[in-house]
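No gaps in the numbering here: position 108 of the sequence shown is 117 in the working numbering, and each next residue is one more.
Because the hints were derived from the structure by calculation, they are not lab data.
One or more hints might be untrue.
The calculated DSS-like cross-link candidates involving lysine-lysine, where the alpha carbons are at most 30 Å apart (straight line), are [as the list claims (entries may be wrong)]: (1) 75 <-> 98; (2) 70 <-> 84; (3) 89 <-> 70; (4) 70 <-> 14; (5) 75 <-> 11; (6) 98 <-> 11; (7) 89 <-> 75; (8) 75 <-> 21; (9) 21 <-> 84; (10) 70 <-> 21; (11) 75 <-> 14.
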Amino acid sequence: MKTTKVGFGVTKNLGNYENFRIYIEADLEPGEDCTLALDFLRTRVAAEAGFPQEYLDLRSKVFDAKCELSVLVRKLEEVKLDLEVATSKWSNLVNYFSSSDGDDDGDDGDDGDDGDDGDCFESDSFEG
10 MKTTKVGFGV TKNLGNYENF RIYIEADLEP GEDCTLALDF LRTRVAAEAG FPQEYLDLRS
70 KVFDAKCELS VLVRKLEEVK LDLEVATSKW SNLVNYFSSS DGDDDGDDGD DGDDGDDGDC
130 FESDSFEG
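Please model the complete structure; the sequences and the hints are all you need to start from.
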């Protein structure tokens with residue numbers, strides 16, 4: 010769906026069963042962000058309707074928080090991609106080592122070694 014027009018309005022109660030409505034509409038240019046345009050319209054309507062400054066300050070804080078959130082979401086997506094790459098590499102490494110028999114000579118694994126080559130392994134025992 011392509012958004013080409015956005016609008017925002019409020020109805021303000023004046024008391025004694027009277028009210029007035031303010032509505033502002035904008036046509037979007039190609040590539041223009043409708044969220045930013047709508048936020049601008051909300052601010053304009055709030056100013057025209059005479060909303061207190063606290064409302065406008067709060068709108069500004071909410072807008073800043075939304076921007077910060079979008080940056081954090083983008084960073085999180087990048088980290089997720091990095092994690093997927095690392096997981097894939099780890100999986101490939103595990104598959105490589107689990108498929109090899111531990112020999113580097115490429116034969117069937119029988120190298121004629123009786124296992125007692127003088128190296129220090131956990132199975133070796135030492136007498137003091």
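Do the hints match the structure? See the list:
1. 75 <-> 98: Outside the cut-off at roughly 35 Å; violated.
2. 70 <-> 84: holds, 21 Å
3. 89 <-> 70: OK: residue 89 and residue 70 at ~28 Å, within 30 Å.
4. 70 <-> 14: holds, 25 Å
5. 75 <-> 11: OK: residue 75 and residue 11 at ~22 Å, within 30 Å.
6. 98 <-> 11: violated, 40 Å
7. 89 <-> 75: holds, 21 Å
8. 75 <-> 21: holds, 27 Å
9. 21 <-> 84: violated, 41 Å
10. 70 <-> 21: holds, 24 Å
11. 75 <-> 14: Measuring from Cα to Cα gives roughly 22 Å; hence the hint holds.
Against the hints set out earlier in the document, violations occur for numbers 1, 6 and 9.
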